[in-house]
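Colleague: Chains as they are written, first to last, in UniProt numbering: chain A, 1 to 200; chain B, 1 to 200; chain C, 1 to 200; chain D, 1 to 200.
Worth flagging that the hints you see were computed from the coordinates, not collected in a lab.
Only a predicted model underlies this, so the values are computations on that prediction, with no experimental measurement involved.
Some hints here could point you the wrong way.
Listed below are several chain C residues computed to face chain D (Cβ distance under 10 Å; list not exhaustive) [claimed, not checked]:
hint : residue
1    : R37
2    : K55
3    : W74
4    : N88
5    : F96
6    : S101
7    : V138
Backbone N, C-alpha and C fix where the C-beta goes; we use that ideal spot for every residue, glycine too.
There are 4 protein chains.
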Amino acid sequence: MATKLAIIYYSATGTIDAMARRLAATAEAEGAEVRLRHVSEIAPREAIESNDAWKAHVDAVAGEPEATADDIVWADAVLFGTPTRFGNVASQLKQFLDTLSGPWSQGQLADKAYAGFTSSQTAHGGQETTLLALYNSVHHFGGVIVSPGYTDGLKFVDGNPYGVSHVTGATNDAPLGDAENNALDHLVRRVLRIGAVLAG
Amino acid sequence: MATKLAIIYYSATGTIDAMARRLAATAEAEGAEVRLRHVSEIAPREAIESNDAWKAHVDAVAGEPEATADDIVWADAVLFGTPTRFGNVASQLKQFLDTLSGPWSQGQLADKAYAGFTSSQTAHGGQETTLLALYNSVHHFGGVIVSPGYTDGLKFVDGNPYGVSHVTGATNDAPLGDAENNALDHLVRRVLRIGAVLAG
Amino acid sequence: MATKLAIIYYSATGTIDAMARRLAATAEAEGAEVRLRHVSEIAPREAIESNDAWKAHVDAVAGEPEATADDIVWADAVLFGTPTRFGNVASQLKQFLDTLSGPWSQGQLADKAYAGFTSSQTAHGGQETTLLALYNSVHHFGGVIVSPGYTDGLKFVDGNPYGVSHVTGATNDAPLGDAENNALDHLVRRVLRIGAVLAG
Amino acid sequence: MATKLAIIYYSATGTIDAMARRLAATAEAEGAEVRLRHVSEIAPREAIESNDAWKAHVDAVAGEPEATADDIVWADAVLFGTPTRFGNVASQLKQFLDTLSGPWSQGQLADKAYAGFTSSQTAHGGQETTLLALYNSVHHFGGVIVSPGYTDGLKFVDGNPYGVSHVTGATNDAPLGDAENNALDHLVRRVLRIGAVLAG
Chain A
1 MATKLAIIYY SATGTIDAMA RRLAATAEAE GAEVRLRHVS EIAPREAIES NDAWKAHVDA
61 VAGEPEATAD DIVWADAVLF GTPTRFGNVA SQLKQFLDTL SGPWSQGQLA DKAYAGFTSS
121 QTAHGGQETT LLALYNSVHH FGGVIVSPGY TDGLKFVDGN PYGVSHVTGA TNDAPLGDAE
181 NNALDHLVRR VLRIGAVLAG
Chain B
1 MATKLAIIYY SATGTIDAMA RRLAATAEAE GAEVRLRHVS EIAPREAIES NDAWKAHVDA
61 VAGEPEATAD DIVWADAVLF GTPTRFGNVA SQLKQFLDTL SGPWSQGQLA DKAYAGFTSS
121 QTAHGGQETT LLALYNSVHH FGGVIVSPGY TDGLKFVDGN PYGVSHVTGA TNDAPLGDAE
181 NNALDHLVRR VLRIGAVLAG
Chain C
1 MATKLAIIYY SATGTIDAMA RRLAATAEAE GAEVRLRHVS EIAPREAIES NDAWKAHVDA
61 VAGEPEATAD DIVWADAVLF GTPTRFGNVA SQLKQFLDTL SGPWSQGQLA DKAYAGFTSS
121 QTAHGGQETT LLALYNSVHH FGGVIVSPGY TDGLKFVDGN PYGVSHVTGA TNDAPLGDAE
181 NNALDHLVRR VLRIGAVLAG
Chain D
1 MATKLAIIYY SATGTIDAMA RRLAATAEAE GAEVRLRHVS EIAPREAIES NDAWKAHVDA
61 VAGEPEATAD DIVWADAVLF GTPTRFGNVA SQLKQFLDTL SGPWSQGQLA DKAYAGFTSS
121 QTAHGGQETT LLALYNSVHH FGGVIVSPGY TDGLKFVDGN PYGVSHVTGA TNDAPLGDAE
181 NNALDHLVRR VLRIGAVLAG
């Protein structure tokens, strides 16, 4: 039976969305069943309108399904993606997490494989801390945290043992390079493998 | 000139609100000028309606002013309050923090005294981690973090060096006791003192 | 084949030692093969001599084997125990972790089930933060972090989703109670179960 | 009166030592009184001997004074430096911190300005997490945490709001560049300024 992967993410201007789609494509090539789901946007419309890249991204995903609690309950493995916002998870993703108390109280979030991915403009402005703040919640879920560590030589290239991260630069638009794409592929194969084992 | 204190908080069922009001009363008794401001509620109305204590609290503060970025820009000292939500800041407070990029980019959040307070139902379910996740953002602001440590004998009673926290218990309604009230008084006096010194 | 569990711990005055022995006894009752190993003491002799409980404990474990890197390489599941020292792992345990770069560089620490246990005198003086600082290193190992969350009703009693912790009180000698013992039993059964699954 | 700065650091192969000396030189140029103090080496002699750069550094600082608790008690501002070791403070620095319970219990570590600096080989292998794990202890001290944030345009160049960090690269010998040196200068001026204000 195919391993079930939920990729739950928030993206404002498209970087996290690009990372999520890379993860989804690799997972599908590996034979996994994938739910790629963005979370609801809660920012004020005027904030979105003031940023062309943000507005374009909101319009681009408008027709796609939004994440629900059931996507996690269903999954064997879960990848959460969020840009950093002041060294922590974006409020949009946090808002989604905060709605999970129902399935949490029934143990439906536990014993799955979880990991995360993130991005920031500056080199050390949340690339590590955002992932650890995210994992605080996974601890509460009773999730099994499957961070990549340095479990492959390619992890010494992207260099993030806590998950996968991308530095978008001063103009916030640096595209993903080989280092990040390879690290994303490694991450998703790893959580699929361990998610499958945990699912029995 | 009076020291200016902003207390910015999110409260669902009233515990954090009670802590915030204690802080405000003590600060005013110390001669500070205080802005007590709750952040906007972003939870769906049906979630709120399903919980009597939550609904009652939303109604109770409906007429009070909501926090704005200017409240931080104005202040010499800032106290943030939030219940834990899965070991991290509630999305309502995070949503407010995420709107601060304008004043942040102009340096208007820096060089003030900051600390936090929180609550959780279980004894070790976010009493420490929520405060540290909150402080991630204060690091980004260039804020000066004035956690209480064990700078008074009473801190060995409430026992939280990272801020002040309260355990609300299985029914989520344990009232504040002397330990917490004393720790709140100590916290606010400490941030006022250091906030005043930083403000020159 | 029996699941292999390494319990690697530092204890000064005996609390962590008592927690470690409880974990070992429960694991053996579950049919696991257990290595119970304390790490080397690196504190100056005069510091140890100045504290009767510390000296007594050093003497008590003097004849027992000390932890080596091979104990982790050998294991399917690993439990690390340490008292908090200023909100972080005791230097004695950290010194042991810092010697693991050889097996780490060969991937020999990865893909095992890891969790932690701790104690502090005050209620919120490192019960959560010490475990998260410990897990920073497990992320680097490529370990699989199996924190307990609230995966059983008894976790709402001890109340620590990040691991198991004990508050030793002002005189640092409060004995383990049912809440902690039950939580320790739950923790070790959980890491054994997931460690066995990961080991194939 | 000159502001008193203690720079307490551990360095194995010299990177953190170079950062510490840059901080000291800038502080002295600013008129501060500086104590530059490395902590005791506790690694086994054979580990040190097996690494030429490590051995050379141990020999180079052999005649210099080692850090004592009094250096912190004396200071108005304190900068701690450590390489990352698996996402956390090196055991050598942690061992020093663990000896501070005497002055801590008398409140002698509180109300000073503290910040940190670190290095790692990989880009995101502890550049943020090591500093936050270090600050756990500063919270316990009742120290005032003066991280740099983005309080100057140059912080968008080195990119670390939690302190200053350097990526040493695959061969662990990348020298400090302008980005790091500028960030170190900014950090030390900032802690001196706030340390002086706190000292009255």
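Colleague: It remains to establish, for every hint, whether it holds in the given structure.
Modeller: We went through each hint and held it up to the structure:
Evaluation of the C/R37 hint against chain D yields a violated restraint, the C-beta minimum of about 17 Å exceeding 10 Å. Given the 10 Å rule on beta carbons, the hint for C/K55 is violated: about 16 Å separates it from the nearest Cβ of chain D. Given hint, C/W74 at the interface with chain D, is violated; its Cβ is 20 Å from that chain's nearest Cβ, farther than 10 Å. The restraint placing C/N88 at the interface with chain D holds, with a minimum CB-CB distance near 5 Å, inside the 10 Å limit.
Among the interface hints, the one on C/F96 holds; its C-beta lies about 8 Å from the nearest C-beta in chain D, closer than the 10 Å criterion. Interface restraint check for C/S101: the shortest CB-CB distance to chain D comes to about 8 Å, inside 10 Å, so the restraint holds. For the restraint placing C/V138 at the interface with chain D, the shortest Cβ-Cβ distance is roughly 8 Å, inside the 10 Å limit, so the hint holds.
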